[in-house]
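Peer 1: What follows is the residue order along each chain.
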Amino acid sequence: MPAEKSDLLQGTLDMLILKVVALGPIHGYGVSQRIRQISKEVLQVQQGSLYPALHRLEKRGWIEAEWGESEHGRQARFYKLSARGRKQLTAEEMNWRRLAEAVGLILETAR
Amino acid sequence: MPWWRSLFLNRSREPELDRELRFHIEEMTEAHIAAGLAPEEARRQAVIEFGGHQQIKEDLRDVHRIAILDRTLANLRAGLRFMRKSPAFAITVILTLALGIGANSAVFSAIDAILLRPLPFPQGDRLMRLAQSNRRVKDPESAVAPVRLEDWNRMNSTFQAIAGYYTEDESESSGALPEKLTRALVTPRFLQVLGVSPALGRDFAPDEERFGGPSAVLISDRFWRRRFGADPNAIGRRLRYAGSPITIVGVMPASFLFPERDVDLWSAVPMDAPYGQSRESTWFRVIGRLKPGITLGQARADLAIVQAHLGREYPKTDADLDVSVQPLKETTVGGVRRSLWMLYGSVSLLLLIACTNIAALLLSRATHRQHEIAIRFSLGASRLEVVAQLLTEALLLAVAGSTLGLMLAKGAAILFRAAGQYVPRVEEIGLDWRLALYTLACAVTATLLCALVPAIRATRGGLAGSLAQASRTQVSARNPLQLLLVGVQVALAVTLLAGAGLLVRSFQALGRVSPGFEASHVLTFHVTGNYGETTDMKGLTQRIQRTLNSLRLVPGVEATATAATLPGVPTQWSAEFKVVETAADPARKIMAESRFVSPGYFETLHIPLLAGEICRETTLNFNIVVNRSFAETYFPRSSIMGRHLQTPNNGFLPPGEVRGIVGDAREMGMNVAPVPTVYWCASAPMPDPFFLVRTHNDPMSMAQTIRRKMHEIDPARSVFEIMPLEEHLDDAFAENRLRTVLLVFFALTAVSLALMGLYGMLSYFVSVRRRETGLRLALGALPGQILRHFLLQGLGVTLLGCLAGLGLAAALTRLLAGMLYGVSPSDGTTLLGVILMVVALAAIASLAPAFRAARVEPMRVLREE
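Residue numbers (this note's numbering), protein chains in the order written: chain A, 1 to 111; chain B, 1 to 865.
No wet-lab data here; the hints were simulated from the structure.
Fair warning: there could be bad hints in the mix.
Capping the alpha-carbon separation at 30 Å, the derived lysine-lysine pairs in DSSO-like fashion look like this [said to hold, decoys possible]:
{"no.": "1", "chain 1": "A", "residue 1": "87", "chain 2": "A", "residue 2": "59"}
{"no.": "2", "chain 1": "B", "residue 1": "57", "chain 2": "A", "residue 2": "40"}
{"no.": "3", "chain 1": "A", "residue 1": "19", "chain 2": "A", "residue 2": "40"}
{"no.": "4", "chain 1": "A", "residue 1": "19", "chain 2": "A", "residue 2": "87"}
{"no.": "5", "chain 1": "A", "residue 1": "59", "chain 2": "B", "residue 2": "57"}
{"no.": "6", "chain 1": "A", "residue 1": "59", "chain 2": "A", "residue 2": "19"}
{"no.": "7", "chain 1": "A", "residue 1": "19", "chain 2": "B", "residue 2": "57"}
{"no.": "8", "chain 1": "A", "residue 1": "40", "chain 2": "A", "residue 2": "80"}
{"no.": "9", "chain 1": "B", "residue 1": "538", "chain 2": "B", "residue 2": "316"}
{"no.": "10", "chain 1": "B", "residue 1": "57", "chain 2": "A", "residue 2": "80"}
{"no.": "11", "chain 1": "B", "residue 1": "538", "chain 2": "B", "residue 2": "180"}
{"no.": "12", "chain 1": "B", "residue 1": "709", "chain 2": "B", "residue 2": "538"}
Among the chain A residues that face chain B by a calculated CB cut under 7 Å, a handful are [unchecked claim]:
{"no.": "13", "residue": "28"}
{"no.": "14", "residue": "44"}
{"no.": "15", "residue": "47"}
{"no.": "16", "residue": "48"}
{"no.": "17", "residue": "56"}
{"no.": "18", "residue": "74"}
{"no.": "19", "residue": "76"}
{"no.": "20", "residue": "77"}
Each residue gets a CB set at the ideal place from its N, CA and C atoms; glycine is no exception.
Input sequences plus hints: build the corresponding full structure.
Peer 2: Encoded structure:
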């Protein structure tokens, strides 16, 4: 499965998507573009991981989907954050910060 | 993708997935165009970059699928855990369901094999039974003349082919001892009509079907194995049958059992034989295969036209004849249809009782599990999820129960085959995928019936009350639903028991009937003979008379006789009669049954002579004896003695002189009152009539003596089917007895289930009301009052159930009307007996829990608080 290739992102992809979706309703293509732009082209999300992740998050009730019109006038599926998703995002952000801090501490000390 | 995964797939999601992914590709294409690529190239690039479209879709499907799959698996695991935790409960449910579903599947397997499936021939639904019927005679065995059969076959336009057959029993004497073999004599086209070919060898060649052509015989698989040890070289060997050599040309498949189960040989009848050209012969039972697309109505209309044509051509013999066309399957299995559906109805009631029983069990179980369910709610489970879990648990139990039930049904198939050799097609009953599928369907239905209501009720309270309210603080649990469930069980059980009671009582009534003849101490048997002998009727009669006289001299024998049919074994042969001496009165038709018997018949069966004398068999003219009903119905004032009776339009039967009047006997079956009957004195109406021998002692003890004597008299012939007359009479009711025994078994099972339900409910009530009971005892109630309270609760619901059951029985037992003898469907004694029995048993079942309640120790219960 392509999802296996982006192991690095596996734990964090969900959080990144939640974060991007939190900025306002956005379609799948938009999510992948936004992640690329914000990360300054460092992170590239494969479609093969993106869409299963979107659907998984939707299934868990963290994001909601709705059909709408894109900027080019096409029908696209727009995702937005739900109340539960917002709680989840906060929790994951906190988790991530703690983890990053801890990893950072270890790296500092080990130097 | 494994096939089962598609079960969990929601197809309606597909177009949406496609649209979403397509949008992505379009946006990418747009971006490429903006970057300066040509539209086509841009699209190509986008598709390549997007990667495996199908793979992504499959992954997306997985996202949606796995959730459902996971939950189902989790539910199954929970169900198994639940079964391990309370094995007694699980075993009770599984056994109850196994019984309910097993009985149901067993009867269904019989219905499926006998009634639902086409006959075991290619396109068996196109096979028809044809018969000729004389408008003036009611004769079930309307055999057809060879020439007429050929006329039908040639002149009709709706049948592919029409063929006929008859069977006879003769001796095969190529072995050390003569052996009786059953041979079917068949017309050309016989195998073509049935659509069957020999498994080994070939069908008859055209010259073997012509008069004077070489003799040829097809043998049954059974005979091939028995005699030749399944040796393929048996083809070409010779048998010596009825004194003439015949060559084996083929072996039929093992599954080919037509026209009878025990046919050993098939040989061709030459249709051009000079002795077979009379239009008045009655030789063949006839079958035909419809052309594709032809309806029964079209075939009937076609043959009516053909026969009308023949009626004009041969007014003397054909004008009065009609042709009847019936599906062959209908004529084979029609007789057992009602019995089978009746049994199916009763096992369905039984299954309903089992389900109700289990529903009540689950209901009381759910109350114990309220706490667990409340915790699941508080952990965020939705009501649907909890209900799904409870249903999965029940389904698991039901599948286990139905697997056991399927084994039960398989066992029953063996039982059917052993007990029901008088039921058509029993050899086809067995375990197959249709039965397995049906049983599975039963399991699912049972789950929904048993578990849905308890599951919905258990989850109704939701989270709010149940966590707070621990079951021990409950004061009283009056549960009208549980009372209702027990009441329903009692009602259904009473219905079944009433039906069973009526069948048993009608059997008793049959046993009390005085048949007008004495069946005990009469031995019956056949001696092989063939229709070829009928070309010399005088010789045939002399042979049989000689045999009768020799047997009469054997010590221990009181009287001997022959008869074409057995008394008390259902046969009908009714015809119109005319008195030769007086002009016929068209307003008063004389209809009577005909029986062909030797003069010794009346002495052998102890049928008393009332007037005149017993007939004599002379070569000059026919003698006749009539029964009392005949004399009293048609000749109440004048004497019939000495007059001559004749059946019109029958070239074979000359007028007969009435010599005497005998007592009425139940010739047509023990359950049919005697009708006007004419006995024709003829020892040899056919080459192998029934021999009847009255013995001093147990008839079977004479069997060997008679066999030896017959060997002395006529060593080339074999004696077969030696059995007491009483056994024949029993066999005539074999199907009747089988259905009675089965219904009684089902009814008793139903009653036990209902009583178990009652006992379970009361025990449950007693246990949840222990505190209340203790309190009442502490406040001065007497144990007797407590006992009476619970006992009355049990009896009350039983009585209500009985009343409902009576109503149901009144509606349903009417279906039994045709199966009853000497007892009406609303027989008061039976119904009262059923109610008394159920109430008495219910009292016993209620006593134990009621005693337990009365023995509650108030101090202990109150201290438990």
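Peer 1: Evaluate each hint against the coordinates.
Peer 2: To see whether the hints hold, each was checked on the structure:
{"no.": "1", "hint": "A:87 x A:59", "in the structure": "16 Å, holds"}
{"no.": "2", "hint": "B:57 x A:40", "in the structure": "29 Å, holds"}
{"no.": "3", "hint": "A:19 x A:40", "in the structure": "16 Å, holds"}
{"no.": "4", "hint": "A:19 x A:87", "in the structure": "12 Å, holds"}
{"no.": "5", "hint": "A:59 x B:57", "in the structure": "16 Å, holds"}
{"no.": "6", "hint": "A:59 x A:19", "in the structure": "17 Å, holds"}
{"no.": "7", "hint": "A:19 x B:57", "in the structure": "24 Å, holds"}
{"no.": "8", "hint": "A:40 x A:80", "in the structure": "23 Å, holds"}
{"no.": "9", "hint": "B:538 x B:316", "in the structure": "27 Å, holds"}
{"no.": "10", "hint": "B:57 x A:80", "in the structure": "22 Å, holds"}
{"no.": "11", "hint": "B:538 x B:180", "in the structure": "24 Å, holds"}
{"no.": "12", "hint": "B:709 x B:538", "in the structure": "23 Å, holds"}
{"no.": "13", "hint": "28", "in the structure": "6 Å, holds"}
{"no.": "14", "hint": "44", "in the structure": "11 Å, violated"}
{"no.": "15", "hint": "47", "in the structure": "6 Å, holds"}
{"no.": "16", "hint": "48", "in the structure": "5 Å, holds"}
{"no.": "17", "hint": "56", "in the structure": "5 Å, holds"}
{"no.": "18", "hint": "74", "in the structure": "6 Å, holds"}
{"no.": "19", "hint": "76", "in the structure": "5 Å, holds"}
{"no.": "20", "hint": "77", "in the structure": "5 Å, holds"}
In the structure shown, a violation is registered for the earlier hint numbered 14 alone.
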